[in-house]
Amino acid sequence: MNGSGASGVEPNPTDATTDRRALLAVAATFAANAGVYGSLLPRFPQLADRLDAGEAAFGLALLGGGLGGLIGSTLMPTVVRRLGGFVPTIRWAVPVMLLGGVATGVAPTLVVFGLAMLVMGLADGVLDPAMNELALGEQQRRGRSVMGRMHATWSGTTTAAVGVGTLLAAADVPVGLHVGVVAAVMGLLQLVVGRGLRERTQGAAAHADPGEPTPTERGSLREGLWVRPGPLLTVGAVGVMGVAAAWVEVPPQDWSALLLSRELGASAGLAGAGPLVFVGGVFLGRTVMDRLVDRFGGRRVAIGAGLASLVGVSAGLVTTASTGSPWPLLVGLLLGGLGASPVFPLMFTAGDAAAQRLGRPAGTGGSLVSAASRLGFLSSPVLVGFVAERLDLVVALAITPLGALLMLATLPRMLRAADR
Numbered sequence: 001m002n003g004s005g006a007s008g009v010e011p012n013p014t015d016a017t018t019d020r021r022a023l024l025a026v027a028a029t030f031a032a033n034a035g036v037y038g039s040l041l042p043r044f045p046q047l048a049d050r051l052d053a054g055e056a057a058f059g060l061a062l063l064g065g066g067l068g069g070l071i072g073s074t075l076m077p078t079v080v081r082r083l084g085g086f087v088p089t090i091r092w093a094v095p096v097m098l099l100g101g102v103a104t105g106v107a108p109t110l111v112v113f114g115l116a117m118l119v120m121g122l123a124d125g126v127l128d129p130a131m132n133e134l135a136l137g138e139q140q141r142r143g144r145s146v147m148g149r150m151h152a153t154w155s156g157t158t159t160a161a162v163g164v165g166t167l168l169a170a171a172d173v174p175v176g177l178h179v180g181v182v183a184a185v186m187g188l189l190q191l192v193v194g195r196g197l198r199e200r201t202q203g204a205a206a207h208a209d210p211g212e213p214t215p216t217e218r219g220s221l222r223e224g225l226w227v228r229p230g231p232l233l234t235v236g237a238v239g240v241m242g243v244a245a246a247w248v249e250v251p252p253q254d255w256s257a258l259l260l261s262r263e264l265g266a267s268a269g270l271a272g273a274g275p276l277v278f279v280g281g282v283f284l285g286r287t288v289m290d291r292l293v294d295r296f297g298g299r300r301v302a303i304g305a306g307l308a309s310l311v312g313v314s315a316g317l318v319t320t321a322s323t324g325s326p327w328p329l330l331v332g333l334l335l336g337g338l339g340a341s342p343v344f345p346l347m348f349t350a351g352d353a354a355a356q357r358l359g360r361p362a363g364t365g366g367s368l369v370s371a372a373s374r375l376g377f378l379s380s381p382v383l384v385g386f387v388a389e390r391l392d393l394v395v396a397l398a399i400t401p402l403g404a405l406l407m408l409a410t411l412p413r414m415l416r417a418a419d420r
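Using the working numbering, read the sequence shown as starting at 1 and increasing by one per residue.
Careful, some of the hints might be misleading.
Unchecked claim - What follows is a list of derived Cβ distance ranges for each label pair:
id, residue 1, residue 2, range
1, V112, G84, 31 to 37 Å
2, R413, V112, 43 to 49 Å
3, T78, G163, 34 to 40 Å
4, S379, L358, 37 to 43 Å
5, L402, R262, 40 to 46 Å
6, A160, G359, 39 to 45 Å
7, L307, W92, 39 to 45 Å
8, E389, L188, 27 to 33 Å
9, S267, L191, 43 to 49 Å
10, V318, A170, 32 to 38 Å
11, T287, L188, 49 to 55 Å
12, V318, A57, 35 to 41 Å
13, R144, R413, 20 to 26 Å
These are computed hints drawn from the structure, not numbers from a lab. From the three backbone atoms N, C-alpha and C, an ideal C-beta is built for every residue, glycine too.
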């Protein structure tokens, strides 16, 4: 990373204030992105019961969110071009996502629920790479890492939202009321704190905003993702990296509780500790990620993270399978969470560096990274379920070490340019 050594120029207090407000506004966007969906997660059983939906039908409706996210991520460069930049894109995407979340909570039928998930996924697919591009712009401006704290904000908000949703579900608070209040709070937060983004845009004449496309870039955004023969290998590496990141982070969250309860006979409380330990490891790792990246560089952090995920989850699965004790798996999940923590933040940094190296406009790297990771989100439950039915969940969760291997083969190499 570039240092911020003395340049002989006195810092401008106004610029420092604008920098703080802009970074806070980006963090608020990450929080808004996480809040409503996190609140919905513990309410899904109640929604399925209210809509009289079986597991297969409800899962199909949930698939609308994943498909919407994949489409939205692919369309993001076009949306940014049409709206004139990342800031106006975010100002449209956040309320659409919040309204989609509210619609899922009050949907009268399963079809309406699936359509609401599709709308929320579309907005999230646009918002995710856009907010990461703004965070990368702030990172480039400062010459030090900020992606860790942005993603820590997302993880912390998700964890808090799940906790609140669990309490309100136990208190039998209506889902629509619960999600509506959360959406209103997140929308108000974005409205108030989002002024920092508008200040940044208005100050672009004095300080060019690397997070906003220039007029030339707006025109070239029409071309979308890379299609020339030369960059195809790079595009393929970004795609593998995105899928691998999803395989590293998603299966332990989705399947560890089921593994602990069904195959190891753990109590409900101990089984619930599986995803909690993993998510806690992700959050803790992201709180210290920026300092590690500034000191050691993103490439070394990526290598350490990949090894932690590979060794931790593999050792936990093997030891638990041989002893029948759940505790080795819980330790492995904690190490796996710590290892997974920097993968997504560094992946967007690597995608942006690849776009710059190939002369592509801002946003195309993040768009491809987001779309590829959503392919991983869609494929991981299918793969885990297929292997678990024919063997067992211990073997099926080996998808996470496999994802760590793929990540080690792609992410560190693509971060070389970002570390220079």
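Tested hints:
Hint check: V112 to G84, Cβ distance near 33 Å, so the stated range 31 to 37 Å holds. Separation of R413 from V112 is about 45 Å and conforms to the stated range, judged on CB atoms against 43 to 49 Å. For the hinted restraint 34 to 40 Å between T78 and G163, the CB-CB distance of approximately 37 Å keeps it satisfied. Here the CB-CB span from S379 to L358 is close to 26 Å, at odds with the stated 37 to 43 Å.
A C-beta distance of roughly 22 Å is found between L402 and R262, which places it outside the suggested range of 40 to 46 Å. Roughly 41 Å separates the CB atoms of A160 and G359, a value that falls within the hinted 39 to 45 Å. At roughly 41 Å, the beta-carbon separation of L307 and W92 lies within the given 39 to 45 Å, and the hint holds. Roughly 46 Å separates the CB atoms of E389 and L188, a value that falls outside the hinted 27 to 33 Å.
In this structure the hint that S267 and L191 lie 43 to 49 Å apart at CB holds, the actual value being about 44 Å. For the pair V318 and A170, the supplied restraint of 32 to 38 Å holds, since their beta-carbon distance comes to about 37 Å. Taking 49 to 55 Å as the suggested C-beta distance range, the pair T287 and L188 does not conform, at roughly 26 Å. Between V318 and A57 the beta carbon distance is about 37 Å. The supplied range of 35 to 41 Å therefore holds.
Our hint of 20 to 26 Å for R144 and R413 holds, since their Cβ atoms are close to 23 Å apart.
Consistency with the previously given hints fails for numbers 4, 5, 8, 11, ordered from lowest to highest.
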